[in-house]
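Residues per chain are reported as follows:
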Amino acid sequence: MLDKIFTWWNGATIGALLSIKGSSNFVGEDEFGNRYFEARTNRGSYDGRKRRYVLYNGYADASKVPPDWHGWLHYTFEEPPTVQPFKVKPWEKPHVPNLTGTPLAYRPKGSILRGGERARATGDYEAWKPE
Amino acid sequence: MPKAKVNGKEIEFEPGLTVLQVAELAGEEIPRFCYHERLSIAGNCRMCLVEVKPGPPKPQASCALPAADGQEILTASPMVKKAREGVMEFLLINHPLDCPICDQGGECDLQDEAMGYGRDDSRYQENKRAVEEKYLGPLIKTVMTRCIQCTRCVRFAAEIAGAPEMGMIGRGEDAEITSYLETALTSELTGNLADICPVGALTHKPWAFNYRPWELRKTDSVDVMDALGSAIRVDARGPEVMRILPRVNEDINEEWISDKTRYVVDGLLRQRLDRPYIRQGGKLVEATWGQAFAAIAGRLRAAKPERVGLIAGDLQDAESMKAALDLFRSLGVANIDCRQDGSALGAGPRESWLFNTTIAGLEQADAVLLVGANPRREGALVNARLRKQWLRGKLQLGVIGEVADLSFEYSYLGAGAASLERLIGSDDGFAKTLNAASAPIFIVGAGVLARSDSGALLNLLGRAAQTFKVVRDDWNGWNVLHTAASRVGGLDLGFVPGPGGLSAPEMVQAANAGELDVLFLLGADEIDTEKLGDAFVVYLGTHGDAGAHRADVILPGAAYTEKPGLYVNTEGRVQLANRAVFPKGEAREDWAILRALSEAAGKRLPYDSLEQLRSRLMAEHPTFGRIDYVPGPTKAAGFDLSALGAPGAATEEPFRSPVSDYYLTNPIARASVTLAECSAMFSRRAPAIAAE
Ligand code: SF4
Ligand code: FES
Numbered sequence: 482m483l484d485k486i487f488t489w490w491n492g493a494t495i496g497a498l499l500s501i502k503g504s505s506n507f508v509g510e511d512e513f514g515n516r517y518f519e520a521r522t523n524r525g526s527y528d529g530r531k532r533r534y535v536l537y538n539g540y541a542d543a544s545k546v547p548p549d550w551h552g553w554l555h556y557t558f559e560e561p562p563t564v565q566p567f568k569v570k571p572w573e574k575p576h577v578p579n580l581t582g583t584p585l586a587y588r589p590k591g592s593i594l595r596g597g598e599r600a601r602a603t604g605d606y607e608a609w610k611p612e
Numbered sequence: 002m003p004k005a006k007v008n009g010k011e012i013e014f015e016p017g018l019t020v021l022q023v024a025e026l027a028g029e030e031i032p033r034f035c036y037h038e039r040l041s042i043a044g045n046c047r048m049c050l051v052e053v054k055p056g057p058p059k060p061q062a063s064c065a066l067p068a069a070d071g072q073e074i075l076t077a078s079p080m081v082k083k084a085r086e087g088v089m090e091f092l093l094i095n096h097p098l099d100c101p102i103c104d105q106g107g108e109c110d111l112q113d114e115a116m117g118y119g120r121d122d123s124r125y126q127e128n129k130r131a132v133e134e135k136y137l138g139p140l141i142k143t144v145m146t147r148c149i150q151c152t153r154c155v156r157f158a159a160e161i162a163g164a165p166e167m168g169m170i171g172r173g174e175d176a177e178i179t180s181y182l183e184t185a186l187t188s189e190l191t192g193n194l195a196d197i198c199p200v201g202a203l204t205h206k207p208w209a210f211n212y213r214p215w216e217l218r219k220t221d222s223v224d225v226m227d228a229l230g231s232a233i234r235v236d237a238r239g240p241e242v243m244r245i246l247p248r249v250n251e252d253i254n255e256e257w258i259s260d261k262t263r264y265v266v267d268g269l270l271r272q273r274l275d276r277p278y279i280r281q282g283g284k285l286v287e288a289t290w291g292q293a294f295a296a297i298a299g300r301l302r303a304a305k306p307e308r309v310g311l312i313a314g315d316l317q318d319a320e321s322m323k324a325a326l327d328l329f330r331s332l333g334v335a336n337i338d339c340r341q342d343g344s345a346l347g348a349g350p351r352e353s354w355l356f357n358t359t360i361a362g363l364e365q366a367d368a369v370l371l372v373g374a375n376p377r378r379e380g381a382l383v384n385a386r387l388r389k390q391w392l393r394g395k396l397q398l399g400v401i402g403e404v405a406d407l408s409f410e411y412s413y414l415g416a417g418a419a420s421l422e423r424l425i426g427s428d429d430g431f432a433k434t435l436n437a438a439s440a441p442i443f444i445v446g447a448g449v450l451a452r453s454d455s456g457a458l459l460n461l462l463g464r465a466a467q468t469f470k471v472v473r474d475d476w477n478g479w480n481v482l483h484t485a486a487s488r489v490g491g492l493d494l495g496f497v498p499g500p501g502g503l504s505a506p507e508m509v510q511a512a513n514a515g516e517l518d519v520l521f522l523l524g525a526d527e528i529d530t531e532k533l534g535d536a537f538v539v540y541l542g543t544h545g546d547a548g549a550h551r552a553d554v555i556l557p558g559a560a561y562t563e564k565p566g567l568y569v570n571t572e573g574r575v576q577l578a579n580r581a582v583f584p585k586g587e588a589r590e591d592w593a594i595l596r597a598l599s600e601a602a603g604k605r606l607p608y609d610s611l612e613q614l615r616s617r618l619m620a621e622h623p624t625f626g627r628i629d630y631v632p633g634p635t636k637a638a639g640f641d642l643s644a645l646g647a648p649g650a651a652t653e654e655p656f657r658s659p660v661s662d663y664y665l666t667n668p669i670a671r672a673s674v675t676l677a678e679c680s681a682m683f684s685r686r687a688p689a690i691a692a693e
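Each protein sequence line maps, in turn, to chains A and B. Convert by adding 481 to the 1-based position in the first sequence; the result is the number in the numbering used here. Convert by adding 1 to the 1-based position in the second sequence; the result is the number in the numbering used here.
Since the hints were derived computationally from the structure, they do not count as laboratory data.
Derived DSSO-like pairs (lysine-lysine); straight-line CA-CA distance at most 27 Å:
id : chain 1 : residue 1 : chain 2 : residue 2
1  : B       : Lys470    : B       : Lys395
2  : A       : Lys531    : A       : Lys568
3  : B       : Lys532    : B       : Lys284
4  : B       : Lys284    : A       : Lys610
5  : B       : Lys532    : A       : Lys610
6  : A       : Lys590    : A       : Lys574
Assemble the whole structure, with the sequences as input and the hints as a guide.
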């Protein structure tokens, strides 16, 4: 709770929470637990559309929003995935938030952060080891 | 002398030259694909067209046209340019334009000539032809669609290598180069095929897709795989030697090198000793240089000089041997030897252990007796020279020793000492040939000199040489074909037992019997390292081979591509090798290690730089002062043949070549995967297992 009061990046701030909940309808929740809202009227909207909101589950990171909800949030889709689910192609992989900066970040082949394993490079030699 | 005009410039030339050679004398470069100075003339690529007057009003192939007096040769006229452009266009019709993935890219004759004579686009709309790949063994990769049918490879195989297994079949569009049976070429010179192929049809299989020629740093150096000291160019990228190519040296290797010399490069990257080790509680553990020196110095101080031994290996440079010699002599050690094989040479005049006729001098010979030598395995380029002279029809050869396919015909005279004895006594057959010869030559294999009865054999050989007047005032035909690159250098330095000292085999015996406390191996692996008893063994070397396994202290040294050094080849020619890359890991140049050790042992060597060491070496041993010098067969000093060896009875044991497996003769070669593959394929006997 103290997090919520003093930081803005752990979920929504208290002000946002109150104003969103007060003015919007709950639309749905994605597989990561982020919850989505739509304003009841277009009051306060700068382009006449009803504003759409996400309340993050935990740490606020825009890359946590999966593509179907992302499309709805950005008005690409009229209907939310709860009404009109995304067609998932068999080759599509599940959504993963951006992992840069975390221990799971991608390390290219040859990176020394990959645990000492790298491809052979010019000048490498095989040292003799006793026994 | 006849005169000709080349592009209006008058030039005199020796009769018998071709138009191409005359134009070259005049400084004109003629493009060519099939012509090669050292091969017969084929005249089938037509790239060398020139205009010659008087003559028919058409361009002529200059490489196959004898030059005549008063000829006018035009090499850059519009007609010539047009003709060459036509030839180039035809050549490119069936040539795949795959330069970006071709290993010859950047050093391809066709690419280069296309810059001058190629069209900017192709007028050819039809399908190109494709040719199936051919199998030429583990060393040569073929992409036969690229072949332009110059037949250089066929001529090389037939003429120089003496392996007539390649040829051209089919005509016109169906012409293909093939080895007929799709077998590996049986020759020690196959690598040169890739060098002479003007396009990327034949390239080096072990190095495929490894480098681009323009990335490489080129260093001129000297080979140590055999005792010939072939001129090589070491091409490195960063800290890695990528390839080894021949350099032209008319006196030794012309422009060829043997396969071991060329394909040993991957051995330089495997099994490397890159840090000092000390044996503690039966196990080798990593150590610092200081600890290693302290351990050795302690043992050296505790041991009596008579109980210390020093053996030098086959790949050592003269500087490191000199440093080791100075250090151990100052410690009072007399057990010093550079002849791991126990050779009997080393006493007497220098000429007795040299290849006095010189390799180029073999082209003056008219009768050669090979005693216990298989030059194909012990020095492939000596064999190529013998074959060259034999092909001229002026040379007769006799062999005492193993029966082997030497790529030329010879009279087989027997297997051992008795046959030599018989030859001295007889006056017909090969003895007659030798007696009648104006330039008779003996080539003595190192195997003959490394037996228990070598003294007697040497004496017998001396007698034979006297009988057939092999050494005269104006001719020295006494030749020893060494197999170790360091051997002549070692003998020149006097790297032999001092008064009362033990020879290398005796040292091994003494160590086994517990009579030796410290044995210092300077890159010596060809001794029986299993049988060194409890001696404290120090190994200074580059590869984890036999010596390193037995060692109690390992000092990592520099391989021949990693240090500047002087090497003396079997002819007695002193040659300077350069450093191409730096030693691996913590390894250092050998002389510097010995200099540091001398400090720890309390006998500081009086030189702090390689220059100081070299000037001292040259002052004490003047033969080292003349780089790249040999007197040659007619000027080499004669010596007293009767003083060779010691009289005695030789045993009946047949002579044997010391090289039983051409591909695996030293620690570097044994570490090479490529050469191990060759050995498994070509050497009949089971390959020696590389020490792990
Ligand atoms: S393989 Fe190379 S050397 Fe042989 S004929 Fe073809 S182009 Fe010439
Ligand atoms: S070089 Fe003259 S025809 Fe090939």
